Amino acid sequence: AQSVTQPDIHITVSEGASLELRCNYSYGATPYLFWYVQSPGQGLQLLLKYFSGDTLVQGIKGFEAEFKRSQSSFNLRKPSVHWSDAAEYFCAVGAPRDDKIIFGKGTRLHILP
Amino acid sequence: DTEVTQTPKHLVMGMTNKKSLKCEQHMGHRAMYWYKQKAKKPPELMFVYSYEKLSINESVPSRFSPECPNSSLLNLHLHALQPEDSALYLCASSQDVKEYTEAFFGQGTRLTVV
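If you're matching them up, the sequences are chains E and S in order.
Read in order, the letters of the first sequence correspond to residues 6 to 118 in our numbering.
Read in order, the letters of the second sequence correspond to residues 377 to 490 in our numbering.
Next comes chain E alone, as it looks inside the complex (with noise of 0.2 Å):
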């Protein structure tokens, strides 16, 4: 069965600065793989997508992800973060002709002024 961990409960940092969250996968095979936002009270967004091809994933509102099989992992980066990506990011991965997918427990990003 596959499995996602997201090590880092929190992050924090400065508007303007980089962004980077880390997503770490258990599966067998190559696995499809999300990254989603939650702001608080709503429903999830995707931001991006992972299911074959181009390692380097772009997504919207100016995130990009990339799979690297050798280390099982699959990172959000964000070069410059704004106030309102202040939110949760939940990394989710599944399995072809699987009826699931699984989320990791989320990172909460905070933005600093």
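Everything labelled a hint here was simulated from the structure, so no lab data went into it.
Some hints could be false.
Pairwise CB distance ranges, derived in the manner of DEER restraints [as the list claims (entries may be wrong)]: (1) E/T17 <-> S/M403: 33 to 39 Å; (2) E/Q47 <-> S/E460: 21 to 27 Å; (3) S/V490 <-> E/S8: 33 to 39 Å; (4) S/A456 <-> E/S23: 49 to 55 Å; (5) E/A34 <-> S/S435: 23 to 29 Å; (6) S/Q458 <-> E/I14: 25 to 31 Å; (7) E/T17 <-> S/I432: 34 to 40 Å; (8) E/S44 <-> S/V490: 23 to 29 Å; (9) S/A456 <-> E/I14: 32 to 38 Å; (10) S/Y427 <-> E/G58: 26 to 32 Å; (11) S/M391 <-> E/T10: 35 to 41 Å; (12) S/V490 <-> E/G46: 14 to 20 Å; (13) E/I65 <-> S/H455: 37 to 43 Å.
Here are the computed lysine-lysine pairs in the PhoX-like style, where the Cα-Cα straight-line distance is at most 25 Å [what the hints assert, rightly or not]: (14) S/K416 <-> E/K66; (15) E/K110 <-> S/K417; (16) S/K417 <-> E/K66; (17) S/K417 <-> E/K54; (18) S/K385 <-> S/K414; (19) S/K385 <-> E/K110; (20) E/K54 <-> S/K416.
Example chain E residues on the side facing chain S (calculated, C-beta under 7 Å, incomplete) [what the hints assert, rightly or not]: (21) Q47; (22) G48; (23) F95; (24) F108; (25) G111.
Fair warning: this is a prediction, and the values are worked out from it, not measured in the lab.
Ideal placement from N, C-alpha and C gives every residue a C-beta, glycine not left out.
Knowing the structure of chain E, use the given hints to seat chain S on it.
Okay, now just chain S, sitting in the frame of chain E:
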């Protein structure tokens, strides 16, 4: 239209009440999901419907009863809930569970059991 619409947005119910949560999508998706999310926790999968048939029940208590009347609608019937069932209930849909694509989430129903 890439929306998943959930109603109501907020619901307060007593432990003896019966209520239903509704979810609707018009994207032609054939897989629909119910997730439960407690505060400061990730969403936890409850049920998956694939082509209007229940394909996954993650050992959810029988006081939660899902229903998929057609390919666009998903309901969650609630009966005799407990205060610990208070949470954000999220509905999601995806094109097809077997050829997986991303799940689109609704804004959720904030449920409070008193």
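- request: If any of the earlier hints don't hold here, list their numbers in rising order.
  value: Structure breaks no hint.
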